[in-house]
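S.K.: Residue numbers (this note's numbering), protein chains in the order written: chain B, 1 to 384; chain P, 1001 to 1303.
Calculated directly from the structure, the hints in this document are not laboratory data. It is possible that some hints are incorrect.
As the list claims (entries may be wrong) - Okay, derived cross-link-like pairs now, EDC-like style, lysine to aspartate or glutamate, Cα gap no bigger than 16 Å in a straight line:
1) P:Lys1038 x B:Asp202
2) P:Lys1281 x P:Glu1260
3) P:Lys1281 x P:Glu1294
4) P:Lys1037 x B:Glu188
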Amino acid sequence: MTIMMDTGNRIAAKAAVMARPEVVAAYPITPQTTLVEAIAEYVARGEFKGEYICVESEHSAMSACIGASAAGSRTFTATSSHGLLLMHEMLHWAALARLPVVMCNINRVIGPGWNIWADENDAISQRDTGWIQFYCSSNQEIFDTVIQAFKLAEHEKTVLPVMVNLNAFILSHTSMPAEIPEQHVVDEYLGSYVPQWKIDIDNPTTFGNIIGPDYYVAVRRAMQDAQENAKHLIPQIAKDWQKISGYFHGDFFEYYHCEDAERILISMGAIGAESKIAVDNLRKKGQKIGLARLRVLRPFPTEAVVQLGKHADLLVIDRNISVGLEGAIFTEVKAALYGESDAKVHGYIAGLGGKDVTYKDIEAMCTSAFKGTKKGQEWYGVEA
Amino acid sequence: MALKDLPVDECLLQGNAACPGCPATIGLRLVLKALGKKTVMVVPACCTAVIESLYPFTSFDVPVMNIAFEAAAAGASGVEASLRKQGRTDITVVAWAGDGGTYDIGLQALSGAFERETNFIYICYNNQIYSNTGIQRSGATPYAAWTTTTVGGKTEFRKEMGEIVLAHHIPYVAQTCISYPEDLYNKVSKAKNIKGPKYIEILAPCPPGWRFSMDKTVEMGRLAIETGAWALWECENDVMTFNGKSNLLLEKKIERKPIEEWIKYQGRFSHLFKPEKDVVKIKAIEDHLEKTWEYYRKMYLRK
């Protein structure tokens, strides 16, 4: 085991390389660039033995990953924002084709106007593609989650692509220490990739030809079942990793002072990490508040949300907006509670466009939201 | 290779869902005879996705991976990288796409794969329209041709895809036509044994798309060559050779047949003949062809 003091992107690259994908295909985009550059350095030093395809677009990056995965290789890519949006068609394709591609997405603002800062609307807008989605809040978690992502994606009960999200700059470009296990530990944990289906000249099959409604419904249903399976596998896979690494990143939420909490804050990504300080400060003032940092958006942890709503009112902070409705996590939390809990749920939209969200801002949101019995959603830090 | 000596094995099976008189199936049979069973096909949205037949059946006896419309060359890049990593360099990776997926929506991925020196064969079967969606114009549709999106006839000339590919200076580029099976077979066989990117374009006269009788598919291809509307050539390591009748045209050893001899059989040009002959537009086609062949001679005729 060694300590690696480096940025989120470079630690993600380290994890990806240690997972030994046979094919990486990627296209650079700010702020993901240092991740793919780091992989290129591993290639140059001979430490990465896989094929590294420098494609001409993100659409081609995902298409090449699909081709390589279908031919039987473990595959990895990384992107951000507009790159993720350009991939959109192929995100659906990878999931429907049941190909366990693993991808890091650096959550960044969507233009216009051009803005490279943190915002989760890029990944949120890909919720319905069938990909499993993780959101990280520290570099150790990035490392552990990328390794576990391969295990989960390739598991015979899942066989779905996995997206590991990290916020632009706040994580992607911030150095933090991460414990890195020896290569043989990762090798033993992951094993080599055993595809559930692949292109094989000895067993010539046609993949993805025209399909009638009955078969198509079965394909969709199988994807949904696989996401449900992932709900059981995510904690189990994390426990297996904890035995080796000592770190547990595997629950749907990271719980912080939730045991006796009467009010629970739900946030995600970098805001989730910042929220811990806010909770500490509010607890010093005597408030029984806790934090549930959402780590997994798909499969959505409905049961865990219901548990949160049993004893506490909730505040959801969304760094995204489904324009014309409200923050996506706010919507999904309320949907999970419907008919199961009378908890009051208040929402804030905060941090869009990379606007900084400090622990003081989070304290202010908590104080305001829980002062009365507010319901509905407000914008934080924006004049109406 | 003479026609009677072609391999008898068929990798495109009976009962496929192609239209009667379909040129794509002629091309596929010949391509797969040349490549054999150690072949992986990557197919974007195009008529072949229909020809494959309805799941859970297939008309192919080689593995086929379908991929999105614009993604054939990129998908093939991934398959090729994976197979190379597995040491399976004995398997030929083929992207098989229509002119829509090649000239237009897939051009970027195609150019990228060629620039990266991907070891695969990209085959475009060109029927000069988006046929799978029901006969809309493409970048390969010739001037004046009717399509459902050029109802009065296309007002622009087609692009020269071959010239675009030549600019990549890949090891092998060829144009052929389903009406010349030996030429097609030989070009695919040659491409199979060359390392790096290979591009082969097959002119594929489409009975419903061009509005001609389904028993005239082969004849429409021959007339395309004889009128100079299409050319047979191959360019190996930047050395260009025109083949067969196209070479005789290049060297002016035979005369180009008037373009009317080709277009008069095709309903897509019928508005040029009735209610009265549109001599201006027919001359425009003829002039453009003459200019094209003068360009070919300037560029490729060996002195």
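S.K.: Each of the hints needs a verdict: does it hold here or not?
M.R.: Quick rundown of the hints versus the structure:
1. P:Lys1038 x B:Asp202: Since the Cα atoms of Lys1038 (chain P) and Asp202 (chain B) sit roughly 9 Å apart, the hinted pair holds (cutoff 16 Å).
2. P:Lys1281 x P:Glu1260: The hint holds at about 11 Å.
3. P:Lys1281 x P:Glu1294: Violated, at roughly 20 Å.
4. P:Lys1037 x B:Glu188: 37 Å, violated
The structure does not agree with the numbered hints 3, 4 stated previously, though it agrees with the rest.
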